[in-house]
Amino acid sequence: MTTDTSNQIPVQVVNPARHSSRRQVLFFSCVVFLTSVATWLMADILWRGGLTGLETAMLILFVPLFGMVALGFAQAVVGFFVLLRRRDKYEITATLPDGEPFAEQLPATALLIPIYNEDVSRVYEGLRSMYLALTNAGLISRFDFFILSDSTDPNKWIEEEVGWIDLCKQLKGFGHIFYRKRHIPINRKSGNISDFCRRWGKRYRYMVVLDADSLMEAKTLARMVQIMEANPQTGILQTAPQPIQAQTPLARMLQFAGYCYGPIFQAGLNYWQSNNGNFWGHNAIIRTAPFIEHCALPALPGSSKHSRFMSHDYVEAALMRRANYEVWLAYTLGGSFENLPPTMIDCAKRDRRWCRGNFQHSWLLMAQGLLPINRLHLSLGILSYLCSPLWLAFMILGMLQFRHDVVAQKTSFDADIGLSSYLDIGGGRLALYLFLATLAMLTLPKVLATLLVLCDREKRRAFGGGTKAVVSFVTEHLFSALMAPVLMLFTSLSVTFVLLGREITWGSQRRDAEGIDWPAILRAHTWHTALGLIAAEIAYRIHPAFFWWTLPVTLGLFLSIPLSALLGYEPFGRFLNRLGLFRTPPETEPPLMVTHMEKNLEVCRSQLPPPEWLRKYYGVAQVTLDPYINAAHVSLLHVKRKLSYPSTAYFQKLSERLLTQGPAALNRRELLALLRNADSMSAIHDRLWKMPDRQLSDWWKMAMRHYNALTGRPRTPLYR
Amino acid sequence: MDLSLESISLPPWDPARAEEWNDAYEKVENYLRACRVSSHLQRARLNALILQRVYDRTQSDASAAGLPVSELAIVEVRARIAEWLGHYLPPRADGHPLNLGEGMLAIYLCDGPTRWPYAFLDSYRMPAEYAEALSARVVRAGPDLAVSSMVPRDMDLGLMPELVGSAMESFEALPILKTLLAWLLFLGLLGFLFWYTR
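From first to last, the protein sequence lines are chains U and C. Numbering-wise, this note's numbering puts 432 at position 432 of the first sequence, and it's gapless, one number per residue. Numbers given in this note's numbering equal positions in the second sequence, counted from 1, plus 1000.
If you're looking for bench data, these hints aren't it; they were derived computationally from the structure. Source: prediction; values computed, not measured. From the three backbone atoms N, C-alpha and C, an ideal C-beta is built for every residue, glycine too. The reader is advised that the hints may include incorrect statements.
Here are some, though not all, of the chain U residues that point toward chain C, as calculated from beta-carbon distances under 8 angstroms [stated by the list, open to error]: (1) Val77; (2) Arg180; (3) Arg198; (4) Arg199; (5) Trp200; (6) Gly201; (7) Pro290; (8) Pro301; (9) Asp679; (10) Ser682; (11) His706; (12) Tyr707.
For reference, chain C alone in the conformation it holds in the complex (with noise of 0.2 angstroms):
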């Protein structure tokens, strides 16, 4: 993708749509900066460069016409970027080019806007140690599996937890049961407290 400085020429504004443009503006500098183009001067360059583009297809494509500015930045932006991307990551073994996301993980585990920080959808400015640093793309959360079977052993608790087990589970089954337990105990308690006062 040509980028440079040069080509830049700015469009004829439409003070009536201002607001809408600036509204695009703010948007793609937000979307820039979490992409975490931190210069200034690098996103100001980049953002002239995508409301261009923009203004092109407002003014070449009539579907485009009717949809928000802001939407239609944002689309454009990323569609830069997968296109950019494009140049650097090969495509997956199924043939399918990457989607925008993987390639976005590919440049979060290269830390590429930290370390050249004006290689950004520039292809003019990309070292060739960026554009290797872009294949290592896979992210691997855990290794190749080798699946064992862990089932418990049959266990003989033994007659009583058995027993008890079950009792538990009408107990559970019937709450009217705990609570005339519950009952039983503040009557013993009261019995107990009588016996004591004699």
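One chain only, chain U, in its complex shape (with noise of 0.2 angstroms):
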């Protein structure tokens, strides 16, 4: 077990106040020129002898539209020029200290992985592969795990369990390596942190949080240490996780893109934000003190049912902003991995509890206290939800526009009037310019990252060659361009949702052999299909040219069914691996800990799983029937107190029904209940196996012959 002992490295002092300040005034003058400039041409091409009712509201969604377009612009811009130069003063990794680090020199860290029914397998894993990186360099004795458990799956829970078990026998990480289990999952995530804070906080100087999916080398975390320990007003430090394990073409092209199109707007974002950086929720580092003291989080007015915050990060940051501490983004770090979503659904769930979250956001913004930059991340938090339905919005009343004018038979749309007059181009060609410079803004920054890559022969090479490279840069633009509209459709659900205090649920996928699940892609995508069609009749029926204008959005969206059927088929990701395309640095040279954690998660999925009817309940038949697994899960079950004569009837009916109609008679509350129970925990295992099989349900029966034949030995995440 660690404890705090070591000293503070004399420090280097970073004071990047006035500059962040200079550079932020630079960035922002060019994000409103760029939006005024296009506001002023936009406003040149709808008036035509006055505004109409129509065009006054194109002409106000427009500004939002246009300013995000410009923000990720000028964002890329800079960035690219940062990394051009390949150095930034203001990097706050120019703070770290000459040579690699000791244990001495590190205090004690905790890292935190919050889990709310995962994978377990991929949990533990990544578990193991830091923690023998950790091992290896010698730095083990600095750092403790802590598996933080939000679970409602009954399953899950025992499963965890195990793993942990298991993992701390073959690992000898007992003392390093914790379990803590919420009964009750107070505030989701940060109440789960919150909760570790409270219990522990005081014996670690810093808490590394990550996410279940989130892996980081050693190294990244002694110097994220490092850093902190050499910038002691730093409160936040975030690194940029990178995209692993991808298989699927929509995984792989984010993967992509996050390689290769990420560094610049992380560069460029660094630039404008320096240490008013932000908290994405994980793989970043917190110094624990002002975090305990500064960062709990305030309930919101309004429902009690939405009255916590779900995207608590942002919050945090400025929180911590607010208390005088810097958050700073170490983009340059590397070592820091996650996973992304394999299929456009998955895209569309993580994307619609995000919205939730950001929108929540909006209570904050006029709250007192915050810095103006951190009101300002939070509304672009919100304005990045809702440009889709503002986006929406603005092609169905330019479409109501163009109707109404080719209805009324207008010409002036093509008369030399304000500026076209002066450029002598009539205002369709000057519409025309507009929307290609927004293409070209759009597309620009993509170009730029991809010429980085390009220029660089290591760079090149990593992204398996230079022709490659090109060629799946503009496959990722193409298949970008498609799926956007279906996004747009998917996160205006969402936004409308939210804004009805609505929830959305698609539930989980099924896939087949091959990774698709036709019914959840039909239910997902079939109105999509539907509106590009009416769209795309409505638009030919205006006019012929405003098909082929509507075109780049009707297309996506009435393909969206095969698209999103390709994009989560893992065998076209297979195949386009093979032919070296979405090609990123850690497949090329694949870290070492990717390489273990793949491998051990390959012998995991290869053990045989137990038969369908007993994997539904596999976890209860486990604490239920295993004498040790049942002793363990009661172990780490700390319920002392006398039990009322209700409770104790209440959960005596329970054990019976569970004994004697099995597992599928109770409801997951029930079954939770009993499971939190110690006391009846050992009773149901000593009286399962006292009683007579015929008193017994015919499911225990089944799974006591089971369990023992067929699985050998309990199941668990690690099978070595």
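Taking the hints as your guide, dock the two standalone chains into a single complex.
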């Protein structure tokens, strides 16, 4: 077990506040300039003898939409030049002390892995890789791992416990790897982290917050601690997680985009935000003491159902800045990895969660004490989702306006009025130029990022060669353009539901052998296809030329079903890999810990799973049948108080139903209630074995035979 | 516990109760497999010994005679495990002996049945290393607590959010308002379409 005994490393003072202000003024001046010019052009195009109501609405919508395009463009261009110069004076990693870190120099650091019904094998194999990497680097004595579970699936809970004990036994990790299961997951992930802080936060100077799919190299972890030691005013240091393990075409495309385009956007982001960075919720190190003191999340006003922040990270960064601690993005640190959603539907699900969380931030926009830059971060987070319905509204208004002009046989659109009269071009030509300029601003960042790859021999090789990198860029751009309207509709739906205070559920996907879940795809995309067809039909009826203008949007919608299936089709992803497309540096030279984890996961997944009927309640079967697992589970429950008579009677009734009717007779809440009660679990185990077979349900009779005969030994995520 | 093979002398079976004894055999077999006793020979040996003890008990203890044999067999095997563990596990700090669950956890933590497959319930074949490993029986899910207070600081959200928040609370309390708003939006849309198509 680790304790905080180290001495502080001499401090190198970084005071970028003055420079960051100058950079922010410069950067946002560019954004405002681009947006203003484009808005002027748009106004000029629309103003043909005055503005109608529709035109005014379009112009208003145009400003935030183009503003976001300009922001992304400016960020990428700035980032391009920063990376071209190969240095940024105000980058936090510049404060890294020379030389490799020694364990004695590092203070106690906790690595937190909050989990919620996750793939246990993936979580624990990731943990194993990090643990071994730290051990090999001689640094394990300074790091403790905490698996913080909020799982509500009874089977997952038992799988996590069994996996934890087995992992600790294999790694001799007792005392360095801890497991904590919260019985009531108050405030989700942020509540889970707060719970750690309240219990053990004082023991650790820093905590590294990870996601279930996070992976960080030992060197990166040590360097993060070193940077924090060198910069005592830094409260949060966020790394830029790099995607790994992409299999489907979509994930491979996103992975390619992450490695190829990501760096220039990150460099640009760091340029303007510097010490006013953001927290992305994981793969970041946090100074524990100020976090405990200043970053407890306030309750939200309004409905109690949504009264807690779901996206806690931005708020915590804002609270850290309010307490005068800096928040940095260490985008050049490397060695920080995460997984990507494999399908478009998974992307939409993730976005739906983030969307709900980001919209909650609107409560804080006018909160006292927050820095303007943090208000901007919160606003941009909201706007990033709001842009989808705004874009949809803009297109609908555009369609209505065009139809209006066609019906009214207005010819003034092409007349030389305003700016176009000076340039001697009509309004139509000016609109085309504005459209092309917007397209260029959307494309240029990717072009610049690809150029950076092409200009560097090492990078070129890491991306599979210059030609393949260019083909990957073109293909990615094409597919992104097709996907954009589909994702826009998904997000618009999410925003609408969020604003109505309603939940959207898609349910879990059931993939076939090739990774395609046709029912889910048809459910999710049929309305996109229908909408695409209707929009194309209306556009054609309005005017054939308008049909061609809207084709980039309607085509993506029309093709959404095959597109979604193709992009989630794993064999196609492997085929692209064989062609050398979307190749990324960790595939060309896989990091050791990633290779190690993948090898272990393959072993885990090659094991014969229990039959379907047993798999559904395997954890319940394990904890009830298995003397060791029952003992381990009971020992991890800390219920000491004497239960009241009604409670005891309730648990007895549940136990009776479980044994005589099988686990399917109990719902999830009832199973969880039983699993939380130590006395009941001991008694159930005892009774199950003592009961004559004729009194047991058929399920238990079968489970007893299968548990011992088929699986041989209890199924754990590790299997070795 | 003396479990040498020489000590087995099979009891005279009552053919009328053969099925009952067969069930008991299966139960003990399953239990031993659940305890990861993977050797068939070891399981058969232990099973015969357990059943013999059960038989002796049914002969000597009148209260046991009325109970199902399979239940008696499980009680017996668990009692034997507890007794066997009692030789190796020191009592708790409060002086009380460890319960069976704590003993099972100790076996699980040191991977006893996998590392010493023939030592289960056998004092004669108990390696010193196993006995030592059993004593490290505690599993710690977390380090010692170091309690901190983490409470949200007061935050003035500003006038607008407070007003909207209280409005939302009233809105939630009166679902009729929600429905009314939805109808108003619908009527607004109809109005817009009317205006647009003129």
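Verification of the hints:
1. Hint on U/Val77 is violated. Least Cβ distance to chain C is approximately 35 angstroms, over the 8 angstroms limit.
2. Because the closest C-beta pair between U/Arg180 and chain C is about 6 angstroms apart, less than 8 angstroms, the hint holds.
3. Taking 8 angstroms as the C-beta contact cut-off toward chain C, the hint placing U/Arg198 at the interface holds, the least distance being around 5 angstroms.
4. Taking 8 angstroms as the C-beta contact cut-off toward chain C, the hint placing U/Arg199 at the interface holds, the least distance being around 5 angstroms.
5. With a cut of 8 angstroms, the hint placing U/Trp200 at the interface with chain C holds, because the nearest CB-to-CB distance is about 6 angstroms.
6. At about 5 angstroms, the closest approach between the beta carbon of U/Gly201 and any beta carbon in chain C falls short of 8 angstroms, and the interface hint on this residue holds.
7. Interface hint status for U/Pro290: violated, as the beta-carbon distance to the closest one in chain C is roughly 11 angstroms, over 8 angstroms.
8. Of the supplied interface hints, the one on U/Pro301 holds, with its beta-carbon coming within about 2 angstroms of a beta-carbon of chain C, less than 8 angstroms.
9. The restraint placing U/Asp679 at the interface with chain C is violated, with a minimum CB-CB distance near 11 angstroms, outside the 8 angstroms limit.
10. Interface hint status for U/Ser682: upheld, as the beta-carbon distance to the closest one in chain C is roughly 6 angstroms, under 8 angstroms.
11. For U/His706, the interface hint is violated, the least distance from its beta-carbon to any beta-carbon of chain C being 11 angstroms, above 8 angstroms.
12. Of the supplied interface hints, the one on U/Tyr707 holds, with its beta-carbon coming within about 7 angstroms of a beta-carbon of chain C, less than 8 angstroms.
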